Every structure is written in C-alpha cells, then in structure tokens.
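K.L.:
This is what each chain is made of:
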Amino acid sequence: MFSLPLAILAPLIAVFVVRKITSDAGRKIAAIAATLTLLSAFWANWQVRVASGWLVVDSLNTVTIALFAAITLSTIIFAPRRDCTSQFLSNTLLTLAATTMAYASGNLILFTIAWALGLLPFVSKETVPKAVRAILFISLAALIAGAVLLGIERSNAQSPDPFSMFGAHPSSSMYAMWGFGFLGFAAVLRTGLFPFHSWPALLLGQGPLLGGGLLVNAQLGAFLIARAMVSMLPDAERELLVILSNLGLFTSVYTAILGVVERNPRRLLALLTVSQSAILFAGITSASVEGIAGGLVHWFVIAVSTTGLIGVYRGLEARIGEDAGADLSGRFLGLATQFPRLAVFFAGSSLALVGLPGTLGFCSEDLLLHGSLQADPLIGIAMPLATALNAVQVLRLFSHLFLGTRGTLGEGVPDALPRERWVLSACLLFLVWGGLAPSALVRLQTPAAEAIAGTAQHR
Amino acid sequence: MIELYGAMQMCLVATSCIPGAMFLTLGLGWLLGWSPRERTMAALTNATLVTSIVATLILMWWMVSSGSNVVSIAFGNWFSVGNYHFPLAFFVDWLSLPMVTLTVLLSGLVSAFSKRYLHRERGFLRFFFLLQLFTFGAVLVFTSGSFDLLIAGWELVGITSVLLISFFQERAEPVRNAIRVFATYRGCDLGLLVGVFVLYHHSGAATFDRLFLGTWPNQTTTLAGATATTAALLLLLASMGKSAQAPFSGWLPRAMEGPTPSSAIFYGAISVHVGAYLLLRASPVLVASPLASAAVVIIGAWSALHGTFVGRVCPDAKTALAYAAMAQLGLIFVEIGLGFPRLALAHIIGHSLVRMLQFLRAPSMLHEYHGMHAASGGHLGRTGLHYEAIIPAALRSWLYRLALDRGYHDTAIDRYVIDPLSGLARILGVLSLRSTTGTTPSRPTCIPVTPLHIERRADV
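Chains as they are written, first to last, in this note's numbering: chain A, 71 to 529; chain B, 151 to 610.
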C-alpha cells in the first residue's frame, strides 16, 4: 500500500526542490519524480486491490495514474527550453501530484482536496483568463457542495463512512438529488461540456499551453463520473446518467462544428480535445460495457495524442514565434519542408485522435460507436458525426501548419531535437502498437469497464 | 491437402500484410533518423510488391487448380469486450481474388513507373511510403473477412489518397482540394460506419460468413425489409463517396492535383472501384432490397450521363479522363443494381487496366497529339461527335452550360451543406465566446504575442 503514497509524494516533494534550482537540473529532477510516480503506478497494478478507505487501488486508477504520469513525463522532457522554468516545472509536478491523489482517493473529502490542489497552478491572474479561473472555481464549489450534501445524507443514514466514493447511496431524498446534481455539474464544468465548453479553448489559447493541456487531459470530470457517480447513484436518479451521456454527445458535435471556422491553432487543438473528451464522457456514462471500455481506451488515445499535438505545436511556437501561426485564415505556413519529422509526428498523433486504422484510436472509436449506437441509434449517430468533423479539422490544421510554400519561417532552426524525437516517437509507437495489438490495452481496461457497467446494470 | 491449404493461408496473410509491415518498418526507421536514397526506397518497395504479387499468383493458381471457392484464415478476435468481438479474419473468394491480384500488379507497375517519373522530386520518399500504405489498405479491403476489417482498409485508402492529392504541397490549391476530398470521404464514410452497425445489430456479427450464405455471386442473406433497405442505402452512400458518384462526384477532378502515377492507381484503377467492390460484396443485401437496387441503378445512370457530358467540356487531359472514369463507374453501378455482378466485376477489371494506362500516358499524350497534328498538316479529323449528331441544338447548348458548371453538384453541396455549416459554426462561435467571456472580441482568436527571434535556437 506504499505505492500510492509514493506516487503522490514524489512529485509533491519535487515541487519544492525544483523551485530552488536552475532549469536544466530542475528538468532532470522533475523527470525523475514523474518516473517515480509512473513506476509506483505499475507497482500498484501488481498489488492486492483495495476498494475502500482513503486511498484505493483498483484497475481503474492504476492505469490512469500510469497514463497521466507518462504524459507528464513526456511534457517535462519535450518542453522547449524557454518554457522550462522552475515555475513551469513546479506547476507541472503539482498538477501530477494532485491528479494522482484524485485518482487514488476513495473518499470524497480527499478527492475534493486533490481537485482544489490541482487548480493552484491556474490561479495566476497574469497567465490564466478570468473566465477560466471562474469556471474552475465554480466546479470546485459544486464539488464541495455535492460532497457535503451526500455526506450529510449518509451520516443521517448511519453510514460508517459517509464520504466514501463506493457503494450505492441509500435513498433518493432531496439531499441526495441535489448532491448528485452538484457532482454532475462539477463533472460537466471540469470536462468542458456544453454550455461550458469554451474554457479549455480560452485556457489553451491565452494561457499556458503545456500546463493547460495537462489540466484538460487529467479528465477529472469523467473520472468523477466513473468512480463515484455510477456506483453511488440511486436507481431513481439514473436518468441523470442518460442526460450526461446525451450532453456529452451533443458537446462533441457542437465543439466539432465550432472548429469549422476556428483559425487559431491553439484554440482548434482545444476544441478537438474537448470534442473527443466529450465522446469519452458519453462512453463512460453510456452504461454499456462496450461504450465504457471504449471510453476508457479512448482516454489513452486522447491523452497521448493531444500531448503529442500540443508538444509539437509548442515546439513550433518556440521555433517560429508565437504569433506566426496565430491566425491561419487562408495561410499555409509550409513548415513540413523545414520540420518534416515534426510534421509526421503531428499528422500521426492527429489522425490517431480521430481514429485512423492501425492506431489505438480506431479500436476505441469502434467500441464507442457500438456503445453509443446501441444506447440510442438516433442520438448515437452524433459520435461518428463529431469524429468525421474533427477529422476534417485536424487535416485542415495540419495542412495550414505544414503544407504550402514555406517562406523564411523556421529557417536555420533544427527539426525535432533528439529529446523531442524520442518522446514523440514513443507516443506514436504507443498509438500504433496499441492499434495493431489492442487486445492488451482493451483487456487492461475491461475489468474497470465491467465493474462500472456492472454497477450500472445491477441496480 | 490440409498442409497445402495452410500454405495458401500463409500466402493470403503474406499478400495482406507485407506492404503494411514494410511501411511500418521503413517509417519507424525514418522517424528515428534514417533517410533512404531514392534507389533503395524504390528497390524495397518493388521487392515488397513483387513478393505480394508472387504470393497472390500462387494463391490464384492453387484456387484454380483445386477448384476451391474460398481460402480463409481467422486469427481469433483482434479485441473483444463483453459480447462484442472484432474478428481478425482474412478471406479471398472469386470476387476478392481478382481485385487483390489487380491491386498488387498495378501497384507494382506504378512503383516501377514512378521510380523514373518522380526521380529527384522532393516528395519521392513520401510517395513510396504512401504507395505502400495504399497497397496495404486496398488489399485489406479486398481480403478482409468482415466489414469491421474492411472499414480499416477503406479508411487507409482514403487517407493515402488525400495525402497524395496534396503531394505538391508548395501550392495552396492541391492542399485545399485535398481537404475538400477528405471532407467528402469522411461525410460519406458515415454511411459505412452506421451501415455496418445496422448489419451487426441484426446478425450479431459483421463477418461475411455469418452475414451471407453460399458463395459469391450466389449468396443470400437473412436480412429483409426495412433493415435490408437501411443497411443497403447506407452502404450505397459510402460507395458513392469512394466511387465519385453523383452528387458527390466533385472531388474526383479535384483529386487530379496529385502526381500522375497516383492518379493512375487511385482514380483510374483501384481506389475508385473500392466503392463498387463494397456493393458487390454486399450484393445479397441489395438483392433483398428492391428500393436500394433501384437507387443504385438511378445513381449509376445519373453519374454515367454526368461523367459523359462534363468530360466532353473539360479542357485538360487528366480531368477529362477522370470524368470518363466516372461515366464507366456509373455503368458499373447500373450493372450491380440490375443484378449482373459478374459483368460488373469484369467491367471493373477491364476499366482499371485501360484507365490506368491512359492516366500513365496522359503527360506524353498531348505531346504525341501535337506531333501527329503537325505531321498531318493540321488536318486531323474531329472525333466525339456522337451526341452532337442526335441531340437538338437548343438542348445541346443547355447541356453545354450544365456541363461547364459540372452539373452544379459542387455548387449545391456548397450552398446546402458547407455554407449552412460554416454559418452555423460562426454563430455558435460568437455565442460561445459571449457565454464565457461576456464579450465578443473583434478578433475571434486569442493572441499570445510574444515575438521570438527565430535565430534563438537555444530556446528550442
């Protein structure tokens, strides 16, 4: 049971260390801390499952902790040198520690603390837009309200652990209804579902791209649903899951349509991420094993693909300047000539995100398609529609950035550096390996999917 | 006999997988820093395709000599969750084997042709990478034992096609056309995804042996009524996109921006026939639905006439060939809809061979024509006056205008699909920004402007 505390404490201690040292050494220390979290997650995966108490080890969280540690490690390694300040590193490690704690918690109090801790890197007025901060804090307030209401209700019912995230809720009283409503609202806000879909675009557009990418990729909204809502929701409130699932599908199409006229690459990347995250959300709330497993596998795809895409784009910004590609209307930057490998990494990651065959995205979207169409064929059609629109948008983004006449942009600046090349190759290999032999990853997520679906269908 | 069958199964797997394995190996090597020379790349591609050709010919010889109708091999499930299974099964019969043979043979020819044709072209390596991926995708479509796997190959054919349209990436127009083609593909592919789901939902599996009884072309299905009609119409939508049938035909002339060898293999030979193959493969479903069969005939006839008329007013050779291909594809659709699958298959093979030759010769054709024109003293006889002889003059001028505007197909799609979608996106964009920030910025995009001098390499 030491693995999870180690996974949380390693980055938390490193936060204080990297604040006091130079960036080169700081990057190494941050990378070591993220690696420790990653190894701890692997270690936890072999441990006996503990499904109660403050910290929980099960098939859902060991995989997600490992995944998040891996993308944090990747971000730390490929971050451009100009970004790799002590503040960036400490914020990244704090996000890792908080997210790991949230994934590991089996208790709403701990989960809420982790949620709040994860927002600390985004309180800065200078880098994070006001609207984003407001939405993130409202999500925290909703989570606190939901946890308190459910805790009161369970205390009244003489429950031994009123804040546990496991076990069906005893009744569907007014307290419970409002409590679950607040939890659902917190999940909707954090995932960026309609009508709160703009904050990731604002954050990634105007705020820190790499840090914002990690915050969005934590998928704490979807995790809250998978961990707490599905198992705790009383029978009478199950309609809430259907509403959330349909809202997820609606958001996926809505944000995909928004992408049609978006000209800023950062915002377009954010809209793509939200659209795909909304599909993941819809899968997890679909109550079919295929849909849930598809959602959990798609979690891998979104995390790895968007980390690759954001990494490549940030690398391009470091090479050509931040304003060179800020408005792509009618312009083709032609960067593939100068940066062919970055172009291939970008193309591979983006096509994996929208389900190119031979990548893991194809398998996850196949499962999600079956899950969503089985749940409701008429509403389920939204999922392939959103994916089709997103696919066109990623090709448009790729074309505008990498195709066309080059001009003088990026002249004399090297293509992918070794540290970028190895990390991005690993991301691409993971997506391709996962696509060619998906059964291992699908099997890894199936117990969690069956547990969630079992909980959903039993009652 | 069993050992021989095992060897045939290995040939089937080799044909299906070797181009994909070579693409992955070379691609990974390139990503990690290896840059092969032109000669090496061409030799490796040729070797790959020759191996596939040999494996296919052995397979064909064995099937002919043993009188076997089907060779199949199943590797269990690619992945499975609950009651859902994605089977990994390969399969050839007398519909798919000719298509596989055609694919590997013509890919081999294009590879040999392109070695000289694209010599010192900037995208030489890219072309050969994509040719390998395309061959893998097309062979996967033809050898897949289920609709699920067929979708994988189908998508690979689509994406390689799009990437080759934007081959001459230094110009903006090929890139714009590639995006338009991709949008058409993805829109129509919705039909395939949902159609296959309908088949799966009805039969509990998407494998051909579960869906269809008997051997091609005498297969039957248990599907009937509204289910068969829905599935068939959805598959028809997918086929229309891939085979450039009206009204989704506007992408085909745009696709001519790619290099000639890719136009030859994609739009003259294999890629455009993949849609027709899908209909042939799903022909039992079409037979079960008279409405869908009638739709196939009507769309085929419409496309044939459209291709014929528009092709006659095209000013450049490749576009005229594209419309000629569209007309023949329309006729193939008519044959499928009328229930002549063998004739349609023969038509596909013949058309692929002729059209690919025409595409490959297109660059030299004009040169030769001018030579002949000069040699005959400027007295070459006019050709192609058949329609002019039978159509009244008034109708001719009307048709001429219609043909010049390419049947208004693209205009209609722009007006009724793309413009409303863009308009909706603009309105939603403004609403979204207002809902979050309370304001509508004059510039709808966010602008983190921190100029960075490009020579500051240390910042990378």
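Because the hints were derived from the structure by calculation, they are not lab data. Incorrect hints may have been included.
Stated by the list, open to error - So these bits of chain A aren't anywhere near chain B, every CB distance computed over 12 angstroms:
(1) L76
(2) W248
(3) S301
(4) P304
To be verified - Taking CB as the label site, the calculated pair distances span:
(5) B:G354 - A:I183: 55 to 61 angstroms
(6) A:F86 - B:L194: 42 to 48 angstroms
(7) A:P517 - B:P513: 57 to 63 angstroms
(8) B:F225 - A:I449: 19 to 25 angstroms
(9) B:V580 - A:I183: 35 to 41 angstroms
(10) A:E309 - B:L441: 44 to 50 angstroms
(11) B:P513 - A:Q157: 21 to 27 angstroms
(12) A:P484 - B:V220: 51 to 57 angstroms
Being a predicted model, the structure only gives us computed values, none of them experimental. No residue lacks a Cβ here, since even glycine has one placed at the ideal position from N, Cα and C.
K.L.:
Can you list which hints this structure breaks, lowest number first?
P.N.:
When the structure is compared with the hints, numbers 5, 6, 8, 10, 11 turn out to be violated.
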